[in-house]
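Colleague: Chains A and B are the protein sequences, given in the same order.
Numbering follows my numbering, with no gaps: position 13 of the first sequence is 13.
Numbering follows my numbering, with no gaps: position 332 of the second sequence is 686.
To be clear, the hints were calculated from the coordinates, so they are not data collected in a lab.
For glycine and all other residues, C-beta sits at the position ideal for the given N, C-alpha and C.
Check the hints yourself; a few may be wrong.
[What the hints assert, rightly or not] Reference listing, derived: stretches of chain A covered by chain B, where coverage requires no fewer than 3 residues with Cβ under 8 Å from a Cβ of chain B:
(1) 58-72
(2) 152-162
(3) 298-311
(4) 317-324
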Amino acid sequence: MATQVGTKPRRLQLRRHRGPQRARLDWREPYLGWLFTAPALIGLVIFLVIPIIAAVWVSFRDWNGLSPIFESEPVGLANYRELLLEEGVRQRDFAISLRNNLYYVIGVVPVQSILAFVIAVILNQKFLKGKGFFRTAYYFPSITSSIAVTLIFVFLFQTNGAINQALPFQDIDWLDNARGLIHNFLGVFGVEDGPAFLTENEFMGLELWDWLAGPSVAMTAIMMLVIWTTTGTLMLIFLAGLQNIPVSVEEAAIVDGANGVQRFFRITIPLMRPTIFFVVTLGLIGTWQVFDQIYAGTAGGPRKTTFTPAYLIYFQSFTNSKAGLAGAIAVILFAIIMFFTWINRKIIRDTGDV
Amino acid sequence: MRRNKLVVLVLAFALIAAACDGGGGATTTTAGVTTTAAPATTTTAAETTTTAAATLEGVELKLWGWSSSDAENTALSDLVAAFNEATGAKAEFQPQSDYDTTLNTALAGGDPPDVFYVDSFRLADLAEAGQLAPVPEGVIDDPDDIYPSLREAFTYNGTWYCPPKDFSTLALVYDPAALDAAGVAVPTSWDELTAAAEALTTDTQAGLAMGVEYPRWAVFLFQAGANLTNADVTEITLDSPEATAALQYVADRYADDTFVRPSDVDAGWAGEAYGQGKAAMTIEGNWIVGYLKDSFPDRQFAVAELPAGPDGKGTFAFTVCYGVPANAANPDASWALVNYLTNAEGALAWTNAFNVMPARVSVADDWLSSHPELEAFVTGADYAHRWGFKPGFGDVTGVFNEQANAIVDGDATVTDLIGETVAAGEDVI
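Using the sequences provided together with the hints, build the complete structure.
Modeller: Structure (structure tokens):
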């Protein structure tokens with residue numbers, strides 16, 4: 001309610017202003033519109049639309065990435081069949097990459113979103129001194145080159161590196177440990193092998209027991225790295241959202257006798273729902289496409305536990321001469337991202353409008 | 355006001371982020387563009403000299419490769435400048451960052467460089483894609499002088515595609531002082547290797563450091579008379595008793611901790627583990643020599659041939675050749691440059707400066723006179739196996755590596771490794 005009251009006069013003002021201008025520009029307006037957007041549009045078409053169409057087209061062909069693209073043979077759905085239906089090394093690798101990335105998403109998205117929200121709320125307090133400093137400090141990792149950050153983290157995560165020095169317990173072999181966290185946890189209770197129904201049944205060429213491995217220690221290290229770098233960006237978005245909550249609503253709640261906790265859950269969170277949706281969507285898209293950190297940090301190892309679909313696309317198209325297959329992975333990855341975004345939208349919509 | 359400022363700030367950062375994203379792709383292009391600018395010296399050399407081979411006068415040639423070190427780039431550029439001086443051509447060495455990606459794009463786009471590096475592992479991909487020109491009759495001086503195992507490495511489906519630039523083999527690098535102290539001789543058989551590794555293993559030092567990957571483990575397959583595939587790469591031959599025995603031998607050494615995986619001793623690769631004194635022996639290629647001299651100048655080492663297995667000696671040869679694209683603009687000029695770089699004089703001039711070896715038998719002695727301590731690497735060429743299969747085989751070696759690491763972790767057996775690798779291999783073939 002209050003937001004509408006706040007913005008209404010401004011909107012009217014704009015409309016009144018537009019009247020005479022509109023008449024003067026009448027016939028030129030559509031052309032000028034296209035002209036002004038042309039630089040961005042041309043860029044989008046060349047670097048986004050055409051590559052996307054090409055990727056979809058290539059996914060139906062047996063292209064090696066080396067010969068001219070139009071000389072490739074059409075193979076229909078063979079690439080998709082190889083990834084999804086036919087048992088074999090390609091399907092298993094794809095399954096492994098999906099498993100790894102799924103755990104990565106489950107680990108990264110909630111943590112980075114909640115952390116960013118908490119930091120944003122703290123930085124939004126009126127009494128806090130040195131806000132500008134903290135804002136810059138938290139945002140800094142996000143504007144640093146991801147490759148540079150990854151290389152530094154690789155040093156930090158060495159067995160005799162800074163992180164193990166700082167931790168009180170015995171040295172962890174961060175980047176070369178392929179054991180899954182869930183398997184490790186079960187190992188504490190002496191469970192080393194899964195029950196028969198998990199080890200004997202497979203989905204997409206991978207034992208159910210292996211699906212349940214959890215992220216490997218190496219993947220966990222990458223997750224920590226990514227959370228550290230992206231939290232700053234998300235914090236900034238949350239901060240922008242928080243500052244858009246009108247003070248009057250907050251004040252009204254105080255007058256009504258709401259305490260701090262009530263105000264947070266009944267006012268801040270509901271009003272922040274669009275921002276939360278935006279941040280979680282950004283997080284889902286970004287995490288399903290993780291590449292830089294894998295490429296520079298672990299190159300898919302140890303034992304393929306940091307293989308992700310995006311890294312598999314790179315490997316298949318540039319080092320394994322299977323660009324058609326890589327195209328199919330890209331299309332499936334797109335579908336996965338759309339699916340998760342849709343679920344996210346549904347969840348947040350069901351609890352109120354976005 | 356404050357609110358608006360923040361929104362603007364967010365937008366500005368979003369734009370910067372977008373620009374940075376785009377920048378990733380652009381950097382490669384810029385790198386390509388900057389290197390195109392010809393080093394002034396090369397061009398002048400070509401212009402001032404107007405001697406032999408009038409056909410090459412003023413012909414521009416691009417030679418693409420990856421960059422290993424500044425010294426190597428300079429040496430190759432010097433050699434190319436000498437070619438320009440002799441022929442009047444305007445050839446130029448242009449090292450590329452992200453080599454595979456850049457080369458793929460150039461080839462697929464139909465605008466390849468005139469001559470480019472081809473790794474033996476990539477040969478099958480390029481040949482199968484029809485992107486490489488076979489070596490025409492008579493353009494390469496005395497082709498029979500090239501080691502047969504190296505010519506074989508660049509032969510696909512019976513066609514020879516390119517002459518090797520140089521090569522490296524795997525050999526046993528060891529610490530003579532440690533061997534003396536432990537009272538063991540340089541191992542020449544598997545049994546002796548087992549004994550030596552055991553004798554050399556202490557609390558702080560493993561007997562031998564070796565990467566857990568196909569390009570290392572496979573030497574034991576060769577020594578046992580086994581191999582991953584048959585010679586034509588039409589059949590997977592890993593499920594043989596010889597292969598099982600060889601892999602079991604290796605797995606047992608890791609299991610009793612006399613062999614060690616570099617990452618388990620916090621080293622990036624076996625050479626680093628050896629340099630840091632965490633292992634008394636390692637199985638590595640010639641590149642370790644320059645590395646040890648640079649990074650661990652005080653660490654002593656000697657090189658011996660790999661111990662022989664039940665079926666005799668076996669090692670890997672890793673090699674790179676100069677390829678000419680199938681649709682080269684000026685094939686004669688391209689081949690003239692390739693020949694200049696790979697004939698006996700060119701090979702010797704190129705390899706003398708480095709710890710890579712000339713691919714020609716006739717200059718081996720000459721090269722050895724200046725690198726006598728590296729003889730074991732050269733000898734390996736006589737029985738070396740090539741590193742290369744057929745397109746899409748990276749998946750298969752990937753499975754092998756994954757399973758081999760699982761063995762070392764104690765999560766898999768040799769039977770698992772063979773089963774999984776054979777399944778993957780049959781899938782790809």
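Colleague: Of all the hints given earlier, name the ones this structure violates by number, lowest first.
Modeller: none
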